[in-house]
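Could you put the whole structure together from the sequences, leaning on the hints where they help?
Residue numbers (our numbering), protein chains in the order written: chain A, 7 to 129; chain B, 9 to 336; chain C, 19 to 269.
It should be emphasised that the hints constitute simulated quantities derived from the structure, not laboratory data. All of these numbers come straight from a predicted model, not from anything done at the bench. All C-beta atoms in this analysis are idealised placements derived from N, C-alpha and C, irrespective of residue type, glycine included. You may find that some hints are simply not true.
[Stated by the list, open to error] Interface residues of chain C toward chain A, partial, derived using beta-carbon atoms under 7 Å:
hint: 1; residue: Glu43
hint: 2; residue: Ala56
hint: 3; residue: Ser59
hint: 4; residue: Asp63
hint: 5; residue: Thr158
[Claimed, not checked] Rough simulated footprint, nothing fancy, chain C against chain A, three-plus residues with beta-carbon under 8 Å:
hint: 6; segment: 9-17
hint: 7; segment: 51-58
[As the list claims (entries may be wrong)] Result set (DSSO-like, lysine-lysine): computed pairs, CA atoms no more than 30 Å apart in a straight line:
hint: 8; chain 1: C; residue 1: Lys150; chain 2: A; residue 2: Lys46
hint: 9; chain 1: C; residue 1: Lys146; chain 2: A; residue 2: Lys75
hint: 10; chain 1: B; residue 1: Lys117; chain 2: A; residue 2: Lys83
hint: 11; chain 1: A; residue 1: Lys21; chain 2: B; residue 2: Lys132
hint: 12; chain 1: A; residue 1: Lys20; chain 2: C; residue 2: Lys150
hint: 13; chain 1: B; residue 1: Lys203; chain 2: B; residue 2: Lys293
Here are the chains, one letter per residue:
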Amino acid sequence: MSSLDPRVNRLDFKKITDGETHTNSHLITWEVFHQDKRGKQVIHVGIVHAPTPDMALILAKEQYARRGKTTNLWVTKTSDVYTFATEDEDIFETTPEKHFRDPAYYKVRDRIEKFQKQQKQTV
Amino acid sequence: MYGSTNLSEEDAKRMNTTVEDPEKLEAFESRIARGEKIEPQDWMPVEYRKQLIRMIEQHAHSEIVGALPEGTWITRAPNFRRKLALIAKVQDEIGHGQLLYSAAETLGKTREQMLNDLINGKSKYSNVFNYPAYTWADIAVIGFLVDGAAIVNQVINSKGSYGPYCRALERICYEESFHLKQGHDNVVYLATGTKHQRAILQDAINRWYRPLLHFFGPTDKQSAHSEKLMKWKIKLASNDDMRNQFLDQYVPKIWELDITFPDPNLRKNNDGIWEFSDPDWDEFKRVINGDGPCNAERIAVRKFAEEAGRWVRQALINPSEKYQVPLA
Amino acid sequence: MSNALKNLLYKMADDALVIGHRNSEWTGIGPMLEEDLAFSSMAQDKIGHAQALYSILNTLFGEADPDTLAFKRQEKDLKSCQFVELPIGEYDFSIVRQFLFDHAELLRYDMLTQSSFQPLAQLAKKVKGEIKYHVMHGDTFVKQLGNGSEESKARMQSALNYAWPYALGIFEKDETDAELISEGVFAGEDELKTRWLQKVTPVIEAAGLKVPATDETKIVYGGRKGFHSEYLKPMLEEMTEVTRTDIDAEW
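The structure is reproduced here in structure tokens:
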């Protein structure tokens, strides 16, 4: 094969055999978490394929931290992450309605103003 | 760099005949109608999963195969600035491939299976990468116009319904804007340079014009329709609409450099629709079916990379660790 | 003094340029996607280091601009060691070269953070983190592949044996060495080589590989004096293929 790419012309294609290039064995995946600034949350950004945590970190660095600022990366095996089943999403359904947990629920200004008005009238 | 939403006739037929649990389908479709995203662990119709895998996988293949025509000039980039930009850009394409294969993996097809299917020809990649990069000017044109076309496609796809694909595309679009800027910079240097530079640029534009028109796929009249792909937000715009958007954004940027396109009929009508000569759709079909100038080389090189790297991957695999589908 | 300094800057810059160029040849065809990215970044870093070093030569010593220095010099004027010129070969050789070369780079730059020549000390402080990552990368891969399969172990050992006499050529001395030491610019190639052996030996052993015996007569010298392997000239010709089509053009 004669290519326009000199790199390709240097490859030794004789070494290539027929058949599938990938056997049915896989590297495991690691979930990658990124922190861009000290004090900020560490956020899930994607996965890498790697055999060990060391290599997962080494490889995650260039895929998930080659632009912008980074202070650290975390990795964990995909199989070590536990989640709720998606059909259980309904356990969260009424949460937004629990207004007693929200600061905005506690509004007393009206009451204070009404009280002050009354006080003035009595004086 | 490209996720085609074009259906084969056979797929289109099956999509309309597969029967799903009506209750689950209803919940799924109304979630999409509300503008919510689908996540990997959700129930989804068999055909939704299948079409998404096909599309994301094809997009991923396009990234790593797309790295090859541009890689042609890595060792010959003319100065520090161009050399660093080109290596970084080709690297990004590989990075995009990694992100996209990961997104497709969440749907249950492993990266290894996808790469096998690329090499054995079962799955496709964008036709545009089956054309050669003869001169340095091809790198400028690919960087500006092929990436420009890809952005049109990707920005639209990023509004789709599948969470992991949208997340990958958001990051990809951000990085593509660097590609576009460096490609434009390269085009402008050639266009405002010497006679020789202008000549190789014009020549490259002449050669890339048709592949660029082919990029978005056949005309709406010719392509198989699926209401479902639209309803499921896998396909979000028609081929003709995307092509028109591309021409609208990029043709003026080439014309302003006093460079032409090899088509006397290329013009914008009063209604905002671009008109152009028939770009030879038979050629498009020939190339997609394997008979383009570089199809054989692209697959051979990809196969070389996979095979030459096999001992590395095999040495890294720990057989006692069981693979699990990634989460997001 | 300025000749000795220039010599040091040139050999460092040329090494970085050539190995960066070589390693960039893997971009897009690496053994797995993640590693393709990592190897490419390291190639970009090296090319960046070359550019920074040529810039010092340009601004402080009145040499030509970095692009001219990198793209328009003759083969005999380059001071890179022969190790970095060799073709990328298969991944075993490329990863072994990356590992051996980057240990030398990290130590060299680390020593230079103490240099009496401030511009170099500053650059060394700036890029040390990058090279530290290169070393982490090399160590991790050498250990994994050395301890991996039978095939990978055999490949790594034979790549290491092949690379060894070339790698030792990194530390080729010339007449300027003594001056750099006495002026406190750089502690010298001998010192660097001693430290390098101390660093690479335990990693090679942890990888389950044998440190090749050093045969002084086989060490590949010459690069620092402008004598290069058959591979450098074609590489330079390839690098300048575009610029030679129109030498007046701005690319």
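These are the hints, each one checked on the structure:
For Glu43 of chain C, the interface hint holds, since its Cβ comes within 7 Å of a Cβ in chain A; the closest pair sits about 5 Å apart. For Ala56 of chain C, the interface hint holds, the least distance from its beta-carbon to any beta-carbon of chain A being 4 Å, beneath 7 Å. For Ser59 of chain C, the suggested interface contact is upheld, since its CB lies about 5 Å from the closest CB of chain A, less than 7 Å. Annotation: interface hint on Asp63 of chain C violated; nearest CB of chain A at approximately 10 Å, more than 7 Å.
The beta carbon of Thr158 of chain C comes within 5 Å of a beta carbon in chain A, closer than 7 Å, and the hint placing it at the interface holds. A stretch counts as covered by a chain when three or more of its residues have a beta carbon under 8 Å from one of that chain; for the segment 9-17 of chain A and chain C the count is 4, and the coverage holds. Coverage of a stretch by a chain is defined here by at least three residues with a beta carbon nearer than 8 Å to that chain's beta carbons; for the segment 51-58 of chain A and chain C the count is 5, and the condition holds. A distance of roughly 25 Å separates the Cα atoms of Lys150 of chain C and Lys46 of chain A; the hinted pair therefore holds under the 30 Å criterion.
As the CA atoms of Lys146 of chain C and Lys75 of chain A are separated by approximately 17 Å, the hinted pair is consistent with the 30 Å bound. Among the hinted pairs, Lys117 of chain B with Lys83 of chain A is consistent with the structure: their alpha-carbon atoms are about 19 Å apart, no more than 30 Å. Proposed proximity of Lys21 of chain A and Lys132 of chain B is supported: the alpha carbons are some 25 Å apart, at most 30 Å. Among the hinted pairs, Lys20 of chain A with Lys150 of chain C is inconsistent with the structure: their alpha-carbon atoms are about 37 Å apart, more than 30 Å.
In summary, the hint linking Lys203 of chain B to Lys293 of chain B is not supported, as the alpha carbons are separated by about 36 Å, beyond the 30 Å threshold.
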